[in-house]
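Protein chains: 2
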Amino acid sequence: MTADIEFLPQGTVTSPEGFFAGATSAGINERAADKPDLAVLFSEAPCLAAAVFTVTKLKAAPVLLSQQRLKERGKIGAVVVNSGCANAYVGEQGLIDAAGMAALVGKGIGVVPEDVLVASTGVIGTPLPMDKIRASVDKIVLDRDGGHQLAKAIMTTDTQPKEAAVRVKDGNVEFTIGGVAKGSGMIHPDLATLLGFITTDAAVEKDFLQKALKKAVDASFNMISVDGDTSPNDMALVMANGLAGNVPAGVFESALEQLCIYLAKLIAGDGEGATRLIEMTVSGAINTLEARTAARAVVSSALVKAAVYGADPNWGRIMAAVGRSGAEVEESKFDLYIGEIQVVKAGKALPFNEPAVVKLLKGDEVHFGANLNLGSGQATAWGCDLSPEYVTINSQYMT
Amino acid sequence: MTADIEFLPQGTVTSPEGFFAGATSAGINERAADKPDLAVLFSEAPCLAAAVFTVTKLKAAPVLLSQQRLKERGKIGAVVVNSGCANAYVGEQGLIDAAGMAALVGKGIGVVPEDVLVASTGVIGTPLPMDKIRASVDKIVLDRDGGHQLAKAIMTTDTQPKEAAVRVKDGNVEFTIGGVAKGSGMIHPDLATLLGFITTDAAVEKDFLQKALKKAVDASFNMISVDGDTSPNDMALVMANGLAGNVPAGVFESALEQLCIYLAKLIAGDGEGATRLIEMTVSGAINTLEARTAARAVVSSALVKAAVYGADPNWGRIMAAVGRSGAEVEESKFDLYIGEIQVVKAGKALPFNEPAVVKLLKGDEVHFGANLNLGSGQATAWGCDLSPEYVTINSQYMT
Chain A
0 MTADIEFLPQ GTVTSPEGFF AGATSAGINE RAADKPDLAV LFSEAPCLAA
50 AVFTVTKLKA APVLLSQQRL KERGKIGAVV VNSGCANAYV GEQGLIDAAG
100 MAALVGKGIG VVPEDVLVAS TGVIGTPLPM DKIRASVDKI VLDRDGGHQL
150 AKAIMTTDTQ PKEAAVRVKD GNVEFTIGGV AKGSGMIHPD LATLLGFITT
200 DAAVEKDFLQ KALKKAVDAS FNMISVDGDT SPNDMALVMA NGLAGNVPAG
250 VFESALEQLC IYLAKLIAGD GEGATRLIEM TVSGAINTLE ARTAARAVVS
300 SALVKAAVYG ADPNWGRIMA AVGRSGAEVE ESKFDLYIGE IQVVKAGKAL
350 PFNEPAVVKL LKGDEVHFGA NLNLGSGQAT AWGCDLSPEY VTINSQYMT
Chain B
0 MTADIEFLPQ GTVTSPEGFF AGATSAGINE RAADKPDLAV LFSEAPCLAA
50 AVFTVTKLKA APVLLSQQRL KERGKIGAVV VNSGCANAYV GEQGLIDAAG
100 MAALVGKGIG VVPEDVLVAS TGVIGTPLPM DKIRASVDKI VLDRDGGHQL
150 AKAIMTTDTQ PKEAAVRVKD GNVEFTIGGV AKGSGMIHPD LATLLGFITT
200 DAAVEKDFLQ KALKKAVDAS FNMISVDGDT SPNDMALVMA NGLAGNVPAG
250 VFESALEQLC IYLAKLIAGD GEGATRLIEM TVSGAINTLE ARTAARAVVS
300 SALVKAAVYG ADPNWGRIMA AVGRSGAEVE ESKFDLYIGE IQVVKAGKAL
350 PFNEPAVVKL LKGDEVHFGA NLNLGSGQAT AWGCDLSPEY VTINSQYMT
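Protein sequence lines correspond, in order, to chains A and B.
First residue of the first sequence? That's 0 in numbering that gives the first Met the number 0, and the numbers climb one at a time after it.
First residue of the second sequence? That's 0 in numbering that gives the first Met the number 0, and the numbers climb one at a time after it.
Hints listed in this document are in silico derivations from the structure and should not be mistaken for laboratory results.
Remember, identical chains collapse to one label, so a pair may be satisfied in a single copy or spanning two.
In the SDA-like style, the derived pairs of lysine to any residue whose C-alpha atoms are separated by at most 25 Å in a straight line are: (1) Lys56 x Val122; (2) Lys344 x Leu63; (3) Lys361 x Thr391; (4) Lys213 x Gly325; (5) Lys358 x Glu388; (6) Lys332 x Ala98; (7) Lys56 x Lys347; (8) Lys332 x Asn370; (9) Lys358 x Pro387; (10) Lys168 x Glu16; (11) Lys347 x Gly26; (12) Lys56 x Thr287; (13) Lys344 x Val122; (14) Lys358 x Glu339; (15) Lys332 x Gln92.
Using the sequences and the accompanying hints, generate a full structural model.
Here it is as structure tokens:
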């Protein structure tokens, strides 16, 4: 099995066969009136779909609606998504507006309204400006290359669009998986921590698609953290229109995971105020689950993140984060690396070349590795440093 | 039962009968050479003692040693504590040095070395400078008023000492509880999250003392958060020398809790870089445990903390934090208040006077209240805002 998985130049969510997208500036976010903020993703062939959603108990209306439709409908035809307003915590009006937005889009593109999913991101507690959406939805032009527009439309405090596509060749089989995501704030592990839309022209079964997505998300979007907060709106959706025919299960899973990890790293590295990406690999844990727990604790630690911002080789904070993570760990077996430089061996500090470590900490990507030397569990998590800019952004988000 | 519980002016850990303390500048922290950093707390009568410790799996040497001694020894006579060096993650040398520090102190004051507990706080991964400690320990002068010195000696990035004492009168019974604490960074709920030393001249049984401490800590030190991180060194210790005779159990519990809450609020309000204290009360939860979970999620949220720093009335973040906390909550029953001003009723935003809310958010203490309207569980948690200063402090801690 030597499938060839290749990232496409300019790849995006509309790279797979049969997918179209478009966006417009509806003025939903009054402070960014020029930015596209309303977008549609459409497949010319109805799609099997699977998704993971935020696990919060107070979910936004679009999440509730999309969850229900995914459960009730056989296939879906489109997704409408807006930024600038989360349509969360506005009472029953939220569900009415979410359904209304889907209906407007469905009517325009000839898809049954109930086969349109909805996603929103932005300020919580403000009703959707339905008049603006009604006035703008017809301006959206669907295009085979429209994924780039969609990627821009879902951005909030993101500094750059996040999109990619992989083309897979395996013998005679050839298919594509594309995706866009937005992140930036309210990003935390163990949840569908973002808006992510993934498409494929592969033909797969629905149960398999759900399983493959869950597996890919566990290794990607669930392994990133920006600030430990979780949004009521988070969802990661995958749509499969089958136009490329059947594909080998293992190859599909592997390609989907690679794409999701690529997008997840883009989110982590573009966290609010971030100046560098942190990659933490834990090996030698009792099992994969514990490795994940430990790795996420490190990239979630405010103290580790602040130290990375200052290029401060305060490795004790990394060790402390692993220690409190809940994962099994024994001090006398603990090894720690900053980049390739070992700083702790069997629980004890090693003398290290401080200027060399500081130089590593000043790179765009900072790599930490801990070996717990207890088992074969391994996992990698991604995060970003904590800068004063994070505070500035989030102290003035609403006002 | 109308016991009179009164906070003493200038109250401190040596306010109860028979307690002495003193401190000196041993130069353990080279960057703050003038600051006292080595202190002893001593009781002229041997003490029953109880403690709660950090729950991390990688505990610092002084925690391991003190835990063991509390278990093995009947009574203790003194505590030695240093700031500037955590004596954590330095291998077996840590235990040797912790025991060595206790022995030096025990010898000087005539207490069996094994009856001396040890606590440390400061940078992780550096061995204790035993030569400096050896050269300085004899300079410590124990004094009935020495609690103030001890309060200063345990400070690291704290901006002010944290100390208090309550005098309790209940009929013919009269006793005092005193305490000092340090906090500032690595402060997070559900753990013994700080160094806290509490003393009393009340005569109480050891099991009761442990139970009363746990109960008080659950309502105080476990309800504060500064940054979500947990130190390997955290401990809260209570010592009872019995000089004031027997006391009513309920009155003792109540006074201990009040003292701990007072100290906990001082820690939360003096979190690294903090400009204001956040108090979050959750009522109407299914039970007390769920109320605590929800309240702590709010004061731990980086986004809520950043919004408070900017006096940004972004109440959706408070609601989102409650929603993801894991506590049972129903959107249609959720009420939210900023100070006395209701901003959400039955899950829906109410129009509110924004300048009035912003004014409340600019106060030294910001109060949030959520009523889940599901049961009678109630709890209060305390935290602080997140300022750019937090990042500055923590990006340059070690270097």
